[in-house]
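Line by line, the protein sequences give chains A and B. One point on numbering: in this note's numbering, the residue at position 92 of the first sequence is 92, and numbering is uninterrupted. Just so we're on the same page, this note's numbering is the position in the second sequence counted from 1, plus 450.
Please keep in mind that the hints were generated in silico from the structure rather than gathered at the bench. One should not assume that every hint holds.
Covered stretches of chain A (chain B as the covering partner; in silico rule of three or more C-beta atoms under 8 Å from a C-beta of chain B) [claimed, not checked]:
#1 56 to 69
#2 91 to 99
Computed far set for chain B versus chain A, every beta-carbon distance over 10 Å [unchecked claim]:
#3 G568
#4 Q639
#5 V764
#6 Y779
#7 D781
#8 F787
#9 E832
#10 A874
#11 R875
#12 M931
Where is the CB? At the ideal position from N, CA and C, for every residue including glycine.
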Amino acid sequence: MTDILQERERQVYRKGKEPFAIDCEKQSVAGSVSQRACVFCGSRVVLYPIADALHVVHGPIGCASYTWDIRGARSSGPQLHRLSFSTDLQEMDVIRGGEKKLFAALCELIDAHQPKAAFVYATCIAGIIGDDVNAICKQASEAKGIPVLPVHSEGFKGTKKDGYRAACEALFQLIGTAPPEGIVPTSINILGDFNLAGEIWMIREYFERMGIQVVACITGDGRVDDIRRAHGAALNLVQCSGSMMHLAKSMKERWGTPFLRVSYFGIEDMAQALYDTARFFKDPEIMRRTQELVRQELDKVMPQIDAYRRQVQGKKAGIYVGGAFKAFSLVRALRLLDMKTVLVGSQTGSREDYEQLRELCDEGTIIVDDSNPLELAGFLQEKEVDLFIGGVKERPIAYKLGVGFCDHNHERKEALAGFAGMVNFAREVHSTVMSPVWQFTARKRKGMAV
Amino acid sequence: MSADVSGTAVTTSVTNTTATLNILQKPAVPPSYVSTRNACKLCAPLGAALVFRGIEGALPFLHGSQGCATYMRRYIISHFREPMDIAASGFSESSAIFGGAENLRRGLENVASRYKPGMIGVATTCLCETIGEDVAAMVREYALLKGQQADTGTAPQLVHVSTPSYSGTHVDGFHAAVRSVVETLVTSQPAPSHHINLFPGLVSAADLRYLKEIADDFDISALVLPDYSETLDGPALDTYEKIPAGGTPIHGIRSTAGARASIEFGRTIRDRDTAAAFLESTFGVHAHRLGLPIGINETDRLFSVLEDIAGRPVPGNHEMDRGRLVDSYVDGHKYVFGKRAIVYGEEDLVVGLAALLAEIGIIPVLCASGGKSGALRQAVAEVAPNLPELSEICDNTDFMSIAERAKLLKPDLLIGNSKGYGIARDLGIPLVRVGFPIHDRIGGQRILHLGYRGAQQLFDRIVNALLEFKQETAEIGYSYM
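With the hints as constraints, model all of the structure from the sequences given.
Here it is as structure tokens:
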């Protein structure tokens with residue numbers, strides 16, 4: 001039986017046990033070896049893909065080192081986002097304050113790289129030593145004539161979700177600062193896709209084929225000038241709602257921009273996103289084009305997906321991801337491959353998210369919030385999982401136990417969104433589940449798996 | 451060029467100058483940046499976490515924000531491709547204001563109950579250091595509370611090390627943790643345990659296994675600290691080991707004062723307060739402080755020390771390894787002679803690589819590190835005294851500074867970790883991957899750097915990288931080189 005800390009027992013739910021109850025959205029238990037990162041991580045992942053902005057991490061070196069060029073968020077132009085800049089605070093800076101160093105760093109980096117804007121991430125130490133990051137940003141902005149935006153992402157000030165919020169607040173400061181000229185009524189912003197492996201290019205092309213103008217991608221392949229006029233779009237499409245809902249709500253309040261929650265993972269959710277968008281614009285021509293697009297794409301991908309499905313069907317899957325919304329799509333995508341999800345969890349899901357997951361999943365499925373290696377290893381074994389889906393930190397747990405794995409996190413270099421992405425996903429599932437290497441692992445030799 | 455005929459290594463310290471022993475300052479000093487751009491270093495607690503992972507039954511624990519532990523786990527996992535559990539006390543806003551003692555206590559409690567560790571290694575972070583937490587006292591109090599004295603009982607042994615990331619790099623955190631472990635666990639009446647203490651520094655899992663093999667072949671029983679050769683490079687299993695088997699035995703660490711001698715690798719840490727220095731000054735355990743044994747010359751120095759300690763000549767199989775290595779140097783010398791390389795990474799790794807390059811006729815035109823011990827120039831000069839051309843030595847530098855120098859220096863190859871790939875790609879030259887982290891290839895933990903066999907592998911890889919480049923860029927695709 002999986003051993004779970006007493007303090008965490010209420011963060012694990014097994015479907016079938018009534019009434020439904022799960023604790024979530026709380027600080028990780030000390031010493032639990034949570035898979036979560038921190039506030040800074042939340043801000044950094046959201047803003048990272050803005051390719052023509054300067055991203056300066058204000059603090060000692062660690063935070064910048066560990067986030068240098070680790071994501072597959074692609075840019076069609078500038079690559080400035082892939083560089084890592086830090087004020088690299090030293091002992092004397094901690095004693096005397098880092099404001100002067102930050103200002104000097106901003107000046108030299110803005111001069112050297114001519115960015116369209118700069119984001120300044122205040123990390124734990126910047127907060128603790130009381131640097132007035134807002135004032136320095138204002139000063140640098142005035143000196144250099146570009147927006148310099150503070151991102152209050154001190155690691156201890158909450159969870160990753162608070163980091164998302166800080167990022168949204170920085171973005172919100174940019175929006176509405178450029179005239180929305182040349183934007184047609186059938187226009188959207190894409191929120192919450194980060195262009196991993198070029199996914200947003202695929203999604204954008206779908207919308208363009210439907211006759212819809214994409215104003216700003218926030219933040220995948222993002223550009224400062226596009227974000228500045230994002231308020232001119234007629235609709236916000238929000239994927240990864242955990243990170244972007246705050247911005248969507250702020251924009252609705254300030255600019256009246258309505259929003260729809262969507263997902264581009266799996267063909268069902270992808271088609272749903274396109275149809276929901278078409279329906280929003282109430283234009284029969286757009287709807288006709290959408291139907292045609294979906295049909296064309298399905299004709300292309302379904303034979304390939306079917307071929308994989310026939311081989312992987314019946315396998316059991318576990319999911320542990322950052323945001324719960326992605327988990328919904330993954331459960332559905334796995335179902336399309338006739339695979340059963342027996343374990344699903346997230347770092348930052350809300351009660352509503354978990355309730356929705358319960359509705360989606362089969363009896364007996366384990367639903368878990370803010371889990372850790374010991375629990376996850378226990379669940380994988382208890383449920384005899386054949387395929388685990390997660391990120392870098394989950395991978396070795398699966399592999400060590402002889403369980404297949406599929407990376408669905410920010411580091412990945414494979415496009416998994418859109419119709420074509422579903423084929424890639426199926427191929428990846430197939431390539432791990434069907435690999436002959438498992439014959440040598442202890443789990444297989446003991447005959448635990450199918 | 452004509453003015454610089456002294457053949458002396460030159461220091462160009464890029465940002466905050468610490469190494470000022472330079473004899474010549476090159477006129478074209480790279481622009482001095484206030485910021486660090488693509489850091490060539492990691493933060494101190496990461497080094498400590500690696501050390502704790504290499505001790506039998508130990509679990510690394512960070513006192514600070516949750517993110518620190520998670521980021522380091524991800525970074526280490528991506529190199530070793532192994533589980534790496536690091537616990538954290540997980541500061542909240544109130545712990546940052548009122549202190550994290552309660553978080554630390556609860557964290558230790560939870561870790562002890564779930565992982566049942568023999569030891570918990572508590573490393574500090576910049577956060578708890580900045581708010582002035584007395585973590586050493588907290589750890590002591592916790593141990594007292596548990597009714598535990600230092601070396602009795604079954605509750606976990608606690609070791610604390612101070613590793614603020616605003617001071618030093620992961621290398622400093624690594625050596626500080628090794629010293630703390632020894633200082634905390636050592637007893638003045640050691641039980642007979644082993645002949646020598648071996649403190650290898652940050653090397654690969656394959657290096658650690660090979661070092662133990664060498665000692666065995668000399669019939670020397672060596673305590674290698676840390677030893678993550680199994681804990682970070684273990685077999686496939688059917689259960690998740692809470693704390694993987696392997697690691698330096700704690701009872702051995704307790705007996706380090708009784709060893710005949712300590713051997714410590716690292717020319718740039720030589721004058722520092724390391725574990726070997728502590729054992730020497732406190733218990734009179736003679737400390738042999740050598741460079742990382744990379745290349746024939748540096749390895750000969752190690753084998754000579756081992757011969758003295760063991761009182762026997764180099765075992766035949768190692769003589770044979772050395773012989774083969776010399777033979778291959780001869781076979782390959784023309785392919786490498788006069789080539790220009792940039793080496794980067796931890797200072798001691800850079801020194802070792804410079805030693806290897808110098809003895810095979812490759813010019814290390816730039817030796818670069820994010821470390822700032824102040825000893826890099828001197829150490830390179832010691833191992834490579836006859837560099838035929840002016841070499842630049844840059845400490846406290848970063849990858850963008852290296853890239854800027856690389857454009858001017860026009861090297862034939864790069865030798866270092868994965869983080870230099872972008873530079874190699876821009877210059878269109880090969881990168882020979884060594885050290886940590888290797889994030890863009892599999893098997894970083896199995897790269898052998900040390901000893902005759904490590905030199906053999908490095909030499910073969912360097913020659914083949916140059917041959918491959920020549921072959922790929924030649925007009926005619928010869929299959930016979």
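Now for the hints, and whether the structure bears them out:
1. Check result for the segment 56 to 69 of chain A against chain B: holds, 12 residues qualifying (beta carbon to beta carbon below 8 Å, three or more required).
2. Counting residues of the segment 91 to 99 of chain A whose CB lies closer than 8 Å to any CB of chain B gives 3, so the stated coverage by that chain holds, three being the minimum.
3. At roughly 16 Å, the least C-beta separation between G568 (chain B) and chain A is larger than 10 Å, which holds for a residue marked as non-interface.
4. Distance check on Q639 (chain B): its Cβ is at least 34 Å (rounded) from any Cβ of chain A, clearing the 10 Å threshold; non-interface status holds.
5. Under the 10 Å C-beta cut-off, the non-interface status given to V764 (chain B) relative to chain A holds; the minimum distance is some 38 Å.
6. At roughly 36 Å from the closest C-beta of chain A, the C-beta of Y779 (chain B) stays outside 10 Å, upholding its exclusion from the interface.
7. For D781 (chain B), the requirement that its beta carbon stay farther than 10 Å from each beta carbon of chain A is met, with the minimum near 36 Å.
8. The Cβ of F787 (chain B) lies farther than 10 Å from every Cβ of chain A, with a closest approach of about 35 Å, so its non-interface assignment holds.
9. Annotated as non-interface, E832 (chain B) keeps its C-beta farther than 10 Å from every C-beta of chain A; the closest such distance is 28 Å.
10. Distance to chain A confirms A874 (chain B) as a non-interface residue, since its nearest Cβ pair spans about 14 Å, more than 10 Å.
11. The beta carbon of R875 (chain B) is kept farther than 10 Å from every beta carbon of chain A, the shortest such distance being approximately 12 Å.
12. With a least beta-carbon separation of about 33 Å from chain A, M931 (chain B) lies farther than 10 Å from that chain, consistent with its non-interface assignment.
In summary, this structure violates none of the numbered hints.
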